[in-house]
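Chains as they are written, first to last, in the working numbering: chain A, 1 to 220; chain B, 1 to 73.
Hints may contain errors.
Partial list, computed: chain B residues near chain A (C-beta under 10 Å) [to be verified]:
hint	residue
1	3
2	20
3	24
4	28
5	32
6	38
7	39
8	40
9	41
10	42
11	43
12	44
13	47
A few chain A positions that, by computed beta-carbon distances, are all more than 12 Å from chain B [claimed, not checked]:
hint	residue
14	29
15	106
16	158
List time: in silico SDA-like cross-link candidates among lysine to any residue, alpha-carbon distance up to 25 Å [said to hold, decoys possible]:
hint	chain 1	residue 1	chain 2	residue 2
17	A	103	B	35
18	B	32	A	205
19	A	103	B	71
20	B	60	A	33
21	B	60	A	142
22	B	32	A	140
23	A	40	B	7
24	B	32	B	56
25	A	205	A	193
26	A	184	A	211
Simulated from the structure, these hints should not be mistaken for lab results.
Cβ atoms here follow ideal geometry from the backbone N, Cα and C, with glycine treated the same way.
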Amino acid sequence: MEEKVITEIKETAAMPRLGERAPAFEATTTQGAVRLEDFKGSWLILFSHPADFTPVCTTEFMGFAEIHPELRKRGVELLGLSVDSVSSHIAWVRNIEEKMGVKIPFPVIADLDKKVATLYGMIHPGESKTETARCVFVIDPEGILRAMIYYPLTTGRNMQEILRLIDALQTTDKHKVATPANWKPGEAVIVPPPKTQEMAEQRLKEGYECKDWYFCKKKL
Amino acid sequence: MPCINEDGTLTPSAKAMLSALSSPITSEEVAKSTGLPLFRIRSSIREMLEAGLVEEKEGKYVATKVGRAKIGG
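Could you build the full structure based on these sequences and the hints that come with them?
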């Protein structure tokens, strides 16, 4: 009994952390064996779905396929994952193309031994002991984990939010700014708050659109 | 194997990659000339290195004699 509990904890406890190097892996996918390092120099969205041939996942795959060209324009690759075999993935993506008219252009990891799912904390036993939750990991070109989203089995993800997240992260990197709630490209961004009293006094004279010394925005 | 079929023949994308490797070039240059994503080039080159179809020369890759024979070159 105790051994079973320990094994379960080991399988599910690993959780990657923001700002740290994303855990390395090598995995079998629908497009051959890939390693995390193969994506170096590109942004990567690693995402999991609970199972092939299920309705919510099918809508999500069509959604990811739809935003794929926009992601590629932003230098982002997609990599799916579930605890299914590569044959199941191939049959499913062929079915999506045949029945829904949508070609799935990105690789999908067949994580039958749950190796990658365990590394990334994708299995949440309260939801399902055998299926991965709807997780999204945004990994930057240097291999650093920059954002994570976790959705339950019942709830399909919002593709526009994923695009918005990528735009926000890339804007932050390029301009060294932060982005406010509901920010969209083209809107004002947040100027990082001053770190000293002297900087705070200066801030209000710097020509930004300020509510107060700690809350200033600017247009890019 | 994504590049090599069970009967030893090459997949269309592997042929395109090997054709691009007629002279030593980087994986980034292969991605540019074939239009395939860089991660696929890196993964496929690894497989073709193991199969002896490609060799590495100072950070660049080139098709071997065996590799060239596979595409009739």
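Q. Are there hints from earlier that the structure breaks, and if so, what are their numbers?
A. 2, 3, 5, 14, 15, 18, 19, 23
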